[in-house]
Structures are given as C-alpha cells and as structure tokens.
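The listed protein sequences correspond, in order, to chains A and B. Counted from 1, the first sequence has number 185 at position 185 by this note's numbering; the numbering is strictly sequential. Counted from 1, the second sequence has number 303 at position 303 by this note's numbering; the numbering is strictly sequential.
If you are wondering where the hints come from, they were derived from the structure by calculation, not from laboratory data. Don't be surprised by glycine CBs; every beta carbon is placed ideally from N, CA and C. Heads up, a few of these hints could be off.
Covered stretches of chain A, as calculated for chain B (at least 3 residues, CB under 8 Å) [as the list claims (entries may be wrong)]:
#, segment
1, 80-89
2, 94-104
3, 224-235
4, 264-271
5, 275-282
As a plain string of letters, each chain reads:
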Amino acid sequence: MTELLPQLIASSILLGGIYGLMSMGLTLIFGVMRIVNFAHGEFLMLAMYLAVGLAACGIDPYMGLLIAIPVSLIFGFAVYKCVVSPILDQPHVVQIFTTLGLSIVLQNAALLMWGANFRQLQLPYGDRVILVFGAAITLPQVIAFAAAGMFAAMLFLAIRFTYLGKAIRATAEDRKAATLMGIDTNRICLLTFCVGTACVAVSGVLMAPLYATYPTIGANLALTAFVVVVLGGMGSIGGALLGGMIVGVLDVAGGYAVGTSWKEVLYFIVFITVLLIRPTGLFGIRGAEEFDEAR
Amino acid sequence: MIRRYPNELRGHLWPGILFLGALIVATASSNLFLQDAVIVILLWAAIASAWNISGGFAGQLSLGHAAFFGLGAYTSTLMNVHLGLSPWVGMLCGAVLAAVVGVFIGLASTRLRGPYFAMATIAFAAALQVVAGRWYSLTGGNEGIPIPFKVGFENFMFSSKFSWNIIALVYVIAVYSIAVWIEHSRFGFQLAGMRENESAAEALGIHTRWLKIAAISLSAFMTALGGTFYVQYAGFLDPGYVLSFSLSIKFALMCIIGGMATPFGPILGALLVTVLEMYLRAHLGGGSSGLYLIVYGVLLILVVRLMPEGLIIGVPKLWQRMRASPVA
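One chain only, chain B, in its complex shape (with noise of 0.2 Å):
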C-alpha cells in the first residue's frame, strides 16, 4: 500500500502520521492530561532534532545543550521582564545570541574530540547555571522568575492548550525540515564524510572547521527557539532546570535512543522516552522518584550497546534477521 505514494513522500510517513496525530489531539481532544502531554512531547521532539544537528549529523556530541535552551529561555524573559519587549521578538533575539555563543563552541569543537568536547560543553553548561544563579540583580537568582501571565498572542501567553499545540508542531515540523534538508543537501553529505572520516574529508577539500561551526550554531539556535517555548508554557524560569546537565542528557539521551543522524529518530526517541516517562512516574512515582531514571540509564547503556544506531535503525534490522531466520 506504501508503495503506492512517490518515492520522496515515503520517508515522511511516519512522521506525517505523528503529527497529523498531535493536530487531531489538538483539536478533538479535550483530554487536557493528553493534551499537555502532546505539547511536551512535540517540545522535547524539536529539542532532540535540534540536538541531532550537531550531535547525529556533525557527529559532536555535546552534552550542555541545556546552556542554549536556558540562553533562549532566560533572553526572552528577561527583555520581557526588564524591558517589557514581547517574547517572540525575545525568542528571536536568544536563539541568534545561541547561534553566536554556538559559534565559539564551534571553534572550540575544532580543537576538541569525543570526550573532550562533551567535557567542555558539560563545563560551559554548569558556569552559565552558577551565573545565572548568582547574578542576582540580573537574573533573579536561584529563586528564578515567574512569567507574567497576560493572555495574547503578542505576549506568547495563550489560556488553551490548542495554540500551545500548534505552535508546538509549527516548531517541530520546522526543525524536522531543516533535518530532512540536512540530510539530502550537500551540507549534509560533507557532514556525513566529516562525520565518518574527517582526515579523508579535509583532504577532499572540505572545510571541516566551517562544517562544525554552522552545524553547531544551527543546532543551538533551533535548540534556544525551545527554551523560550518552554518557559512561557511553563509559566516559570528555573534556573535549577533550563540550566541542568540532567536536561543535557536528555536532549542527547532521546536523539540516541531514536537513532541519531536520522530526521526522525529524534522524534521517535522524544515521544518514546517521554511515554516512557510518564508511565513509569505515574506507575512507580511518588516516593520512590530515582526509579524511573534508572530505568532510563538501564535502557540507555542496553540501545548503545545493542542498537548504536538507535531505534530506528536498529529494530527493523532486527526484525529483518528474524524474519530470515526464525528461532526454533
């Protein structure tokens, strides 16, 4: 039946399903459990794809990307707060100082490898959420700050959960198409040979350090684009949490999870970890609130370890050799 559409179109099917799924929610739905737990879930899905930009298909694994989420969401707040600017001008303005500060990551990217680049971005991370927490006159502190609640679209403060939708999915549709951009580009085939031989890249002619650099800053603006969703749908800037390494690893965790370096392995991964998530906190929550993360960690050490390629790869190569071979 698939094989009835045109070739190009096959590739979006699951995806288009996924989110022709949220729109149906968004408007039939009045389950405001699944409503929210759409918009959080398409959230984290832009999120992960915007990671996968730099950490899939420029292969620099960054764990401090909650440093540009934060970067987004404390600009827009506090020109909304100090300066009385409307957020959506704010949220343009942290996602392009994301893509400066990205810059410099970039460059620093050129001199770091694996390990040594995650170090570094873990550290970058953590100094933006001890300033943050520090500069009191500035930021407010670690007490954080409460949005304003005034409902407008100028003031990116909407009272139903459908606008929130689909600005959710306006977002993740939008990083989803620079991903399936990416990858049939000629950007994305030089990240591509960057990312499995970078020597034989260089000596092919492309500019590797340029590669990283954009790659990088495209990753951060997309990223800090949710920073600014996030706290004006939260209704609260906490530095404690936009700021956190556990936020790190789980913009990376989800894109892995899914399959990095694919546009909708991230998506798959935000929407299964999240699902998750929210099973495991409802089912084991309450006391006992480290169970759920470590079924997180189990699962993360068992996909790197059986499926590096992610879910997405992994599960219908999987289901391919089985089919091949049936056991007994």
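Here chain A stands alone, though its shape is the one from the complex (with noise of 0.2 Å):
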C-alpha cells in the first residue's frame, strides 16, 4: 500500500484534472443558460475523432489544439444558432429532449462515417514516462493535466477580470435583470455557448491519446461529467475543477479497493446521494436547481 501511494495520489491528480476541464464547458453553459446539455458527451467524441483524424494526416495532437479551437468555435456557433437559442425560454422537456436528440443525432453521425470500431492515437512520444517521487505517469497525462490546469486559469481569470466576464456573470446571476441592465444577453449566451463547446473540444484533443475514440465514447464519458458538474455545483467553474478531483481519487481509489469493474457504481452512489442531500453541489448557485416556475 505504503510504496503505492505515490501512485495512487498521482493519478488520481492528473485524472481528476482532465475531467475536470471535461465538465467545464458543460458547467460554464448551465450556469449562464440553465440548460443541462444532453450533447456534451458527443462534442467530446467528435473532437478525439478530430485528434485521431488530425494525427492521421501527420499533425500532433497538441498542434491540433490551433485547429480544434476554430472549428469548435464555428461548430458551437453552428448549433446555438440552429438547436440552442430557440429552447432557451421553453420548459425542461423541450430543452433535455432537444439537446437529447442532437446527442443521438451526432452519435450516429459519427457511427455512420467512422464505424464502431476503437481507434487509439498513438503518440511517437506516448509511452514515455515519468518518474516523480516513486509514481510513473506518462507524457500525454502530464501534458493533458498542464494544459487543463492553463485553459483553466484563463477561463477562471477571464471570467473573473474583465468586462465581458462581469457581463457573463450577470447574465448567470439573473437573466432578466442582466438584459435590463442594457447587456445584450443573447450575445452572452451565443459566447458561452461557443466558449463552452471550445472547453469540450479542448479537452477532448487531450483526452483523445489517453482513451481509445468510438462513437459511444462520448455517452460514457458525458456521465462521469454530470457526476462531477453536480458535485461540484452546477455553473460553478471551481466547482468542476474540485468535483473533478473528487472523481479522480475515487475512480482511482475506488478501483484500487473494489475492482475497476465495480468503480462505476461506486461513483453513482456518490452521484445519487450528493443530488439527494445537496443538489446545489460544493460550490453551485444556490437555488438553480429549484429552476424558475413561471417558465
């Protein structure tokens, strides 16, 4: 146990911080829209399908992050415009079956080109380790881990520091209220959206060395992202990157003590109970989860 430790500790950290940066565009556009993506999961596959198919055409992964960026940033556009801002006002089940629908839309879409079957980016430089106090840990977990911890900080700052950031945190605190105050709200909403789905798209070339890309990928990793969106609070950016790290240590320890095949259920009992006895999460907005009635 004692010799490893430092191994437990360290990938829980560097796992914790991927899924972290994976729930942040998810928490970032339910805090300033009230809207649970359904789809996220599948913006998520279909970047590792662009890392896989960037590497296919000889690009690094990690230079394909200049690539990613843009074309998140138009595909985001792309579905505010189409599917996002006309359910923003309408009640929960045209917006959980409207997104819903893009998920198996665009998880088909991905079946129908790509097939089902698994493909794993292989890095000239992936199988590279490194020993850090007795815990080895490869090269792309130390790059995913780096860059989360970047974008981040920018967003965090972003966010936090500048005049849009303000106007986006209004926008979240009180829609109504924000547009009153002469913020044009459906542009903040549009830039979140777009922000969001580049956070997603981020994250999901670095993931794309560390997991095998299928088109279902994306619904499985999208439930680890509610599990770490609700604990660490809806719309609550810190939140994500703490209920990140909550999930990391206990995928990690959990399948150290129970068996890997047991880790998931482990993490739904977690989920279940924090939703039953604080659905505001750590960090949430208070109150967000009792939704306005008049809508």
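Join the two chains into one complex using the hints; note that each chain is given alone, in its own frame.
What follows is the structure in structure tokens.
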C-alpha cells in the first residue's frame, strides 16, 4: 500500500484535472443558460475524432489544438443558432429532449461515418514515462493535466477580471436583470456556448491520446461529467475542477479498493447521494436546482 | 357519423380501432412478420403509456425507466431460473419490487426538478446496468440469461403468436384504462395542477409529494410488467439491452412524439416510431446501422420544437389552422 501511495495520488490528480476540464464546458453553459446539455459527451467524442483525424494527416494532436479551437467555435456557433437559441426560454421537456435528440444524431452520425471500431491515437512519444516520487506517469497525462490547468486558469481569470466576464457572471445570476442593465444577453449566451464548446474540444483533443476513440465514448464520459458537475455544483468553474479531483480520487482509489469493474457503481452512488443531500453541489449557484416556476 | 356515439365513447374511437385491428391481425393473419410487428407495437405502446404516467401526467421526466423494465425482466427470469417459479409469479414480484423502488425514486423527485431528476434517473439505471453486468453469480453477468423454452401457459411461453398477441393486447388495454381513469379522476386533476404550477397546487392543499410518489410508483409497476413480457417473448435476457440508456430514451421519445399527458398519445407515438423504425431499418438498414437513429433524433428535435404537445394535439391544431387560412 505505502509504495503504491504516490502512484495512486499522482494518478488521481492527473485524472481529476482532465475530468475537471471535460466538465467545465458543461458547467459554464449550465451556469449562464440553465440548460443541461445532454449532447455534451458527443461534442467531446467529435473532438476526439478530430484529433485522431489530424494525427492521421500527420499533425501532432497538441499542435492540432490550434485547428480544433477555431473549428469548435464555428461548430458551437452553428449548434447554438440552429438548436439551442430557440429553446432558451422553453420548458424543461423541450430543453432536455432537444439536446438529447442532438446527441442521438451526432452519435449515430459518427457511427455512420467512422464505424464502431475503436481507434487509438498513437503518439511517437506517447509511452514515455516520467518518474516523480516513485510514481510513474506518462507524458500525455502530464501534458493533458498541464493544459487543463492552463485553460481552466485562463477561463477563470477571463470570467473574473474582464468586462465581458462580468457580463457573463451577471447573465448567469439573473438573465432578466442583466438584460435590463443593457447587457445583450443573447450575445452572452452565444459567446458562452461557443466558449463552452471550445473547452470541450480542448479536453477532447487532450484525451484522445489517453482513451480509445469510438462513437459511444462520449456517452460514457458524459455520465462522468454529470457526476463531476453535480458534485462541484452546477455553474461553478472552480467547483468543476474540485469535483473533477474528487471523482478522480474516487475513480483511482475505488478502482484500487473494490476493483475496476465496480468503481462505476461507487460514483453513481456518490452522485445520487450528493443530488439528494445537496443538489447545489459544493459550490453551486444556490437555488439553481429549483428553476423558475413561471417558465 | 362519429356524433351518433355517446360523448364518453367518442374519445376511445381511435384506440378502439387500433386494438380491434391488432385483434384482427392476431386471429386472421398468418403473416408472421406482421404478427410480430403488432406484438412489438403493443408492447412498446403499453410501456410508453406507463412512462406517460410519470413523465406525462406527473411531469417527472424520467430517463431511467429501463431500470424498472430491467427489474421486471430480471426478477421473473431469476426466480424462474434459480427457484423454478412461474414467470407469472415473477412478473408480479418484479412489478412490486419496481413499485417499491419507484417510491424511493419518487422521494428523490421531491428534491430534484427537471434536468436534475432526469440525470439522477439516468445514473440509477446506469448503476443497475453495471451491477447486473458484473454480479456474475446472481445475474450471469454481461452474457445474459437464456429463458428456458418450455411451452405452456404456466411457464409464460407460447408457440403461437396469437397467445402473445392477446396478452400484449390485455396489457396495453390495462395501461390505457389506467391512463383514461387518471385523466378523469381526482388524482389526475391534482396531477395536472401540480404539473402546471407546483407551488400553487401545494397552496391549494394538494400533497404533491405523495402524488409524485404514487405516479412514479404506478408507472414503475406497469413498466416492470412489460419487462417480463419482453424477455419471455424474446427468449433471452441481455443486460446491455434491457437496462440500456437508449431503451430509456425510446420509452420517453415515443410518448413525447405521440403526446404527453394524453391517454392515446403514447400509443400513437409507439405505433409511429416502431413502424418508422422498421421501415427505415428495412430500407436504409444493413450496413448503415446508425442512419435510422439519425432520422429518429431529427424527428425528436423537430417534434419537440414545432409541436411540443405531441402529434396527437399538434396535428389537429395544424389542420384547423390550415383550414381556417388556406395558404394562397
């Protein structure tokens, strides 16, 4: 146990960082628009396919971020205009089933285009191992963690200290009041959705070297993202990071203690328990889970 | 012509025609494909109606109804395989078990609204799927369980499609009757009040907590019955299917496309979705397995956007509008 401890800690932290970044887009979009994007996992899956495709063209996936980010911004823009913006003020049924419909479409489009086979992105330096305090970690894990931390910090600073960030926070707090203060909330929603999509794309590209890519990977990871976001609190970026860490620890420690095949049950139990005891999560927007009755 | 019938019966005209049609196919047709299609449509119609009790009438959007379906399927199968009990007994036990679980989900629903409830139910069904797939000694794991093929009424196993058809018909009429009863009962009015405005309903003295629990539990009970029927008919229990998220979506989707909170909506939805699925699979199918699901997804987005009340209310409305103002 003791000689394994550094390994377990290192693995949990690295995994947690990636889970955190993966969930950030979901939490950002929820915070501003109060829409749970059930197609979140499919966005992630598409980004992973993009990385795999770029690698096939000989482009290093980390360089590929320069392509993935603009592409995801355009994709986010298109999805927002066609699918999301009309449902902003609709009842939950409409919001849930529209994004769910989108996820069905994207998942099966991927199945149709690329087939159900697993694809593993191979990096020339992918199996390089770094030893830190007796813990062995691979280079892609480190890069993913560092990049996740960097993007999270950038997002956090932008939202905290820029004027636009202030507008985003105001919209998240109260869309009607923000509109009355002269904020173009439609534009803020559009911007948030695009940024959220870009976050997902970044994490997808970073995860592509670590996980096999296949059409339903998104659906599997989206459940984890929901757990992370609910744990950290819907709408809170710091919460997403912390939630990611907690799920990372649960994942690694649970895998060690009860075996990898049962660890999923563990975090579903945690998920449902948190939902029941504290639906706002650790840092959630208080009252967000109540929603407006009037809508 | 319709006007000659008493008022109460008029609403049941279309469902009546459908049920009669199913009966005619069951007795008169020798086409096995057609008979199978009718059985499957009736089964999904019954389950979509069962989902409707919670999702439609009570407004609790569950995306985990496969959990109840799977509970029904597993309870009867395990009791049959391990204890040698008749699946009929197992079906009842499974339904009661699902109803008890439904009480807990209902308790959860009093704290969780909208998407939170949907996520919790997804997680619940996913957890059950993992347990069913991994608890090898009890459930046989991911490989599933073949149902012993011993023909006989007491074994819930029939060699003729006719018997399956009649049972499915009884099942769907039972769920439909419950829906009709709900629509016209005090229970139903209270549910409608709660669905429209929960705080106002509470202020009027309606116990919304018990209403939700009752509706979800009843819905779970009826869904679990379908789970047993399905595995007995299919002859094989596969955790990857009976507990899957896509099955949960399917139940909800049929009901939403047809029309939520109406007795006939889910039946219409099940008919349309199943026929569409069979047609698309036959014509697009084969190698391009994902294509019909894309159509499914687009249809879901469009119906939810353009006719949020479902086709059963949306289409007549559209028809009236077109008659009132003929275009060009």
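Status of the hints after comparison with the structure:
1. 80-89: With 3 residues closer than 8 Å to chain B, the segment 80-89 of chain A meets the three-residue bar; holds.
2. 94-104: holds (count 10)
3. 224-235: holds (count 3)
4. 264-271: holds (count 5)
5. 275-282: holds (count 3)
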